[in-house]
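With chain H held as given, fit chain X onto it using these hints.
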Amino acid sequence: MSESIKLGLFTYDIKNGLGLIGYNVDEHEHAHIIVETSKCNDCSHMMCVWGCPAQCYNFRDQGLKEMKFQYEDCVECGTCYIMCDQGAVSWNHPRGGFGITYSQG
Amino acid sequence: MNDETDFDVIIIGAGFAGAATAFQLLKEGIEGDRILIVDRGEPIGSKNLTGGILWGRELDDFEEFLGNWEMDCPGIERCINHKKVGFLSNEDALFIEGRFASWDGTGGTEEPSQRASWSVLRAKADAWMAEKMEEAGIFVMAGMKIDQLHIDGLDHGSYDARDLTDPAEDSGKGGAQKWKVDNLPKELVDKIRNGSISGIVQDGDIMTSKVVVIAEGTNSVLTRAYHFDSMLHAQSKDDMLLGVKEVIHLGKEKIDERFNCFAGDDERPPSGMAMELALSLYRDMSHEAWEKYPNTKGLYPRCGGFFYTNRDTVSCGIIVQLKSLPEGLHTYDLYQAFKAQPAIAALIEGGEAIEYGGHLCPEYGLHRMPHRFTRDGAVVVGDAAGLVFANGMQIQGMNNALHSGKLAGKAIAACMANGDVSAKALDATYTKSLKASYIFRDLKRFEPATKFLNNPANFTWVPELVGKTANRVFREIGEEKVTAEKVLFGVRKEMRAENKANKKGMSLFRMLKLALMGRKL
Numbered sequence: 001m002s003e004s005i006k007l008g009l010f011t012y013d014i015k016n017g018l019g020l021i022g023y024n025v026d027e028h029e030h031a032h033i034i035v036e037t038s039k040c041n042d043c044s045h046m047m048c049v050w051g052c053p054a055q056c057y058n059f060r061d062q063g064l065k066e067m068k069f070q071y072e073d074c075v076e077c078g079t080c081y082i083m084c085d086q087g088a089v090s091w092n093h094p095r096g097g098f099g100i101t102y103s104q105g
Numbered sequence: 001m002n003d004e005t006d007f008d009v010i011i012i013g014a015g016f017a018g019a020a021t022a023f024q025l026l027k028e029g030i031e032g033d034r035i036l037i038v039d040r041g042e043p044i045g046s047k048n049l050t051g052g053i054l055w056g057r058e059l060d061d062f063e064e065f066l067g068n069w070e071m072d073c074p075g076i077e078r079c080i081n082h083k084k085v086g087f088l089s090n091e092d093a094l095f096i097e098g099r100f101a102s103w104d105g106t107g108g109t110e111e112p113s114q115r116a117s118w119s120v121l122r123a124k125a126d127a128w129m130a131e132k133m134e135e136a137g138i139f140v141m142a143g144m145k146i147d148q149l150h151i152d153g154l155d156h157g158s159y160d161a162r163d164l165t166d167p168a169e170d171s172g173k174g175g176a177q178k179w180k181v182d183n184l185p186k187e188l189v190d191k192i193r194n195g196s197i198s199g200i201v202q203d204g205d206i207m208t209s210k211v212v213v214i215a216e217g218t219n220s221v222l223t224r225a226y227h228f229d230s231m232l233h234a235q236s237k238d239d240m241l242l243g244v245k246e247v248i249h250l251g252k253e254k255i256d257e258r259f260n261c262f263a264g265d266d267e268r269p270p271s272g273m274a275m276e277l278a279l280s281l282y283r284d285m286s287h288e289a290w291e292k293y294p295n296t297k298g299l300y301p302r303c304g305g306f307f308y309t310n311r312d313t314v315s316c317g318i319i320v321q322l323k324s325l326p327e328g329l330h331t332y333d334l335y336q337a338f339k340a341q342p343a344i345a346a347l348i349e350g351g352e353a354i355e356y357g358g359h360l361c362p363e364y365g366l367h368r369m370p371h372r373f374t375r376d377g378a379v380v381v382g383d384a385a386g387l388v389f390a391n392g393m394q395i396q397g398m399n400n401a402l403h404s405g406k407l408a409g410k411a412i413a414a415c416m417a418n419g420d421v422s423a424k425a426l427d428a429t430y431t432k433s434l435k436a437s438y439i440f441r442d443l444k445r446f447e448p449a450t451k452f453l454n455n456p457a458n459f460t461w462v463p464e465l466v467g468k469t470a471n472r473v474f475r476e477i478g479e480e481k482v483t484a485e486k487v488l489f490g491v492r493k494e495m496r497a498e499n500k501a502n503k504k505g506m507s508l509f510r511m512l513k514l515a516l517m518g519r520k521l
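In order, the protein sequences belong to chains H and X.
First residue of the first sequence? That's 1 in my numbering, and the numbers climb one at a time after it.
First residue of the second sequence? That's 1 in my numbering, and the numbers climb one at a time after it.
Pulled out of the complex, with its shape left as it was, chain X reads as follows:
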C-alpha cells in the first residue's frame, strides 16, 4: 500500500510549523522514512528571521525527539523572566518593568514549567531542529525550493506558479477581489485551483505523497498560487508588518550585568529581558517627508519597537505596518531613529552589530484569514496561514506555528488511517481542531484590540503624553506638588496648543473613546 506514493507526507518548509507537523506525524506512528521535509534554505534556518519571543512550552510535547531543548538548542537563547513595556518619544522614555522571579525557575519556584517564554534566534534554532528530525529518521532536504504542487493529470510544464499571483490591476490590493490570471486557459486555472494535490514539483521532477503540508512561512507563494488565499483575503498592505532588526553583539557577561540577568547553571538556562515599545519618534520626520511628498500627507508610520536579550547578543528592531508608511521615509531609517533614541542607545552602547535583516509578519486577524486551510491532499499551517496573534501586550506566532503543526500532524495521520485525505476529511479534522484551539479563541477574543492598536493616537501623541507626564510627576524640584492628574491635563493642554493634529486628536471625547477601546486588550 505504502509504495503507491514516494512518501506519505511531504512538508514544505522546515520552520516551527513544518517541524511540529513532522514530529507529530512520528508520534502518530507514521514511519520516519515516509515523511519528507524540504526547505529552500541551505543550511536550514538560513532564510528565517524573527522579531519575536517563543511563548509557552509547546516543544515539551516533542521531548522524545528534542530532549532537553531549553538547555541544548543553540537558538533557544534566554528564558524571559523580565518584561518591560515602554513609551518612547524623541526626548522622554517611560518604562514599566515586571521582574518575575517565578518565571525563570530561580525564584519562587524551580519548576521548569514556569519557564515559558524564550528569546530565540531562528537560523540557529531551525538548523538544530532539522538535525533532530534527521536523527528521528525523517527525510530532510535542505536547499530545495518547491516550484509547484503536483496535481493529478496536470502538465506542470504548462504554467509557472507566478502566473497566478498577480493582483488584478485596478484593485489596489487592499480591497481587491481576485487574482489576475489572463495568460492561462480557464480550464487549466480551474484545475490548478481545485484539482487534487498529490505531491511536489521541483525543477521539473515530481515527488508524490498522499498529503502535502504547506509550511512556507510568511509571504507564501504557494498559498497564493494554489488559491488558499483568495484575493479577497489576500496578503496586502493592511495586514502585513515589516520587521527590521539588527542582532548586536555585547558579550554574555555584559548582558548578564547590564540587564541584571541570571547567568544560568548546569540545570537552568540563563534568564533574559524582553521589551516592547510604543513609539512616537516619527512625527517630525513624517512632517518633513510630507512636505516633499504631499501624496501621503497625514500618514504617520505605525511602528513599534522591540528589544530582546539573547545569550551574547541583543535583538533590536522595529515593526511597521506597511499601509502606514508615508512616502519619503525608508524603513531602515525608522529603525535608525529607534536605535538612536537615548534610552535605547544606552542599552546597546559598546555593542557591535553582527547581522541586519528584514522579514514580514502576517497579522491578518480573523477577517483576513486564508479562505480555506485545506484542499484535497493538502493543508496549510503556521505563518503561511497567517496564524499570528497580536494584542499589544503579546505578539505570538511561533507557538501558534508549533500548535497548528501538531494539529495538522494529528489530523493527517487520522485521515490517512481512514484512507480519505480529501479537503472534506481534512476540514473535519484539521480545520475543525484549529478553530477550536486557543489560536482561534485568542484571535476572536482580542479582535477588538486590533482596532485600538491601529488607532493613530498610539503612534503619535499617546507615548509623548505618557513620557512628558512621567517626566514631571517623577521630578522633584522642591516646589509644591500637584496631583498626577493635574500634571496630565497640564501636559495635554500644552500639547494641544502645539499643533492642530494634537488639538483634534486629544479632545476629551477622543481620549475617552480610546480609553474605552483599550479595555479590550
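Okay, chain H solo, but in the shape it has when bound:
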C-alpha cells in the first residue's frame, strides 16, 4: 500500500472550507445549539467531534480537557444532535435570518 493513503495525510483544510461560507452570526444569548459540556466528560466516543462537518466540537483529540463547542461556524446540518447519545445537545434552528447563508447550495 502506498504511503499516501495513510491517515493524517488526508486532512481537509476545514478552516479554509468554512471561510467559503457566508454567515450572519447571532448573538451568544441566542445560540441555536446549547451543549451541556459537563455531560461530555463521561462520553466514551465523542461522535459529535468526528461527525460534525464544521469542526464546531473540539475535545480530547485536540488535547483539550473539556468539550469546547462553538456555534458560530455551524452549518445547521443536525449531525451532532443525531450522534449525541448523552443528552448533551439541545438542538434548534437559528432564529430567522441568522446563521448560515449558502449562495450556491
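Honestly, the hints are just simulated from the structure, not real lab data.
Values in this document were obtained by computation on a predicted structure and should not be read as measured data.
Some hints here could point you the wrong way.
[What the hints assert, rightly or not] Here are the computed lysine to aspartate or glutamate pairs in the EDC-like style, where the Cα-Cα straight-line distance is at most 20 Å:
id	chain 1	residue 1	chain 2	residue 2
1	X	LYS180	H	ASP85
2	H	LYS39	X	GLU327
3	X	LYS132	X	GLU4
[To be verified] Computed footprint of chain H on chain X; a stretch qualifies when at least three of its residues, placed anywhere within it, have a C-beta under 8 Å from a C-beta of chain H:
id	stretch
4	137–149
5	217–224
6	324–332
Positions of the beta carbon are idealized from the N, C-alpha and C atoms, including for glycine.
Then chain X, alone, in the frame of chain H:
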C-alpha cells in the same frame, strides 16, 4: 367564512415540497392571498444544500407559474445526458459511462420531455421559486423561523418545542422507544401531541390557518416535537446520511470541454454529467483510526461519492451513513480522501472551491417512516416526512418532495371544500394518495436493495476487486491473455491472502449471497 382564520393554509418551508404545495393549492382554486409560505432562510434558499439530481419533469405541472423553468431558473443548472457509475479504490478507478443522446434533446429526439434529470444548486433555485410564488400572489415571508405550532386552547408560553425532542436517556436512539419528556405536565404533553393544529407561533405571535403544512426539510424539529415521528420511527444514526460537498468553480467553457457537454443554445439548456461512485478508499484510514480508538474497531465508513456538473461549477462530495462512522475519522477528511483520489483530482484540476457545506439526507425506507403524515389541521411533506428513495442506481428526494407537495395541495383543497380538515379526512385524501403514488411503490419495490447497499462488502473489497480486475483485463502486456473470469479469481485470491477480513468477506458463499441480493437493485 374566509376571515375566521388569517390564512387558509400556512406552509413552513419554501423548498421544493413547500413550493409545490403552494402552487398546487393555487391550481385547485385557493386564492394566493389565503396562502402564506414562510422560510427561515433570508434570502430564501440560503439554508438549502443538495448533493442530488432533480429527476423527472414534475415542475412542468406548474408551467403557468414557472414558464420555461429549464431555461430560466438560475439554479436548474445542466440537463444530465451523461451518467457515470464508478468504483474507486486508492489506486484504481473504473468508470462505466452511459451517454444518451436522446436524454438532452440534442440527439435522437429534440422532444423536451426526454430531458428528465437536472443538476441543481438549491440556494439559487429556491430563491427563484420564491420569486415566482410572489408573482403568483402567494404571501412569501423570508427569514422567519417557526417556534411552535398553534394548538387550540394551549398556552404556547408554557413550553419550548425543544422540551419534546430529547431522546430517552437509556435508549441509545437506534432502538429507542420514545422521547423523554420529563419537565412538562402529562396533560400538556398530550395536548401538544394530539390537539388540533390551527396555525403557527413565531416569537410569541400567533397566525392562524385552517391547515398547516410542515415542509421543513430534513432534520425537522417540528415533526419531532409534534410527534409525527414517534421515537420508534425517529431520525437516528441508522437512517441518516451526512452529505459533505464543495462547489468548485471551473468556468463554463472548461466544463463543456472537459466533460464533453453540449453548450446549450437559445432553446436548449446545456447538458451535463452526473456520476455516482462506490468507494473503497477508507480501509487504511480506518485501520489506523481503530488503533487509536478501539471502541469502534471493525467499522468502515459506508460512504459513496457524487460528482455533478453545473453551469460553471461542479458539485463534488461524499455521503456517509452516520452509523458507520468510526471514531477518529472526521467527515471532512473522508471528503478530502475522495477529492484527492487521482481520478477525481484530475476532474477538478485548475478549479477553485467557492463553497463548502454539509447537509443531512433522510433515508428512512419504509420501516422508519413517520408514524403519521397528518394530524388534525396539519400534514407533513417532502424530506421532513423522509420521502427519499435510494437503490444505489438512483437517489431521489427532490422529485418526491415536489410530488408529495402536489398530493398535499390537492388533498388540502378537497378537505377544505368539504369543511373537514381533521386527520381522518386528510388521511383519506393525502396519506392515501401518497401511499398509492410512485413514491411509496418505489420504496416498497426496492426495500430489499437497502439490505444489499448496507452490506459492508460494498464499502471495502467490492470496489477494489472491480478496479484491480479491470486494471489487469484492460492492460496489454504482450503476453498470453487469460479470461476475465480467471483474472477476477486471481485478484480475489491475492486479496484474500492480504488480510483476514478479506479472507472471510470474500468467501464464495458470501460473494454468491451478495450477488443474489444485488439482483434486487
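Structure-based check of all given hints:
| no. | hint | in the structure |
| --- | --- | --- |
| 1 | X:LYS180 / H:ASP85 | 12 Å, holds |
| 2 | H:LYS39 / X:GLU327 | 18 Å, holds |
| 3 | X:LYS132 / X:GLU4 | 28 Å, violated |
| 4 | 137–149 | holds (count 4) |
| 5 | 217–224 | holds (count 3) |
| 6 | 324–332 | holds (count 8) |
Violated hint for the displayed structure: number 3, the only one.
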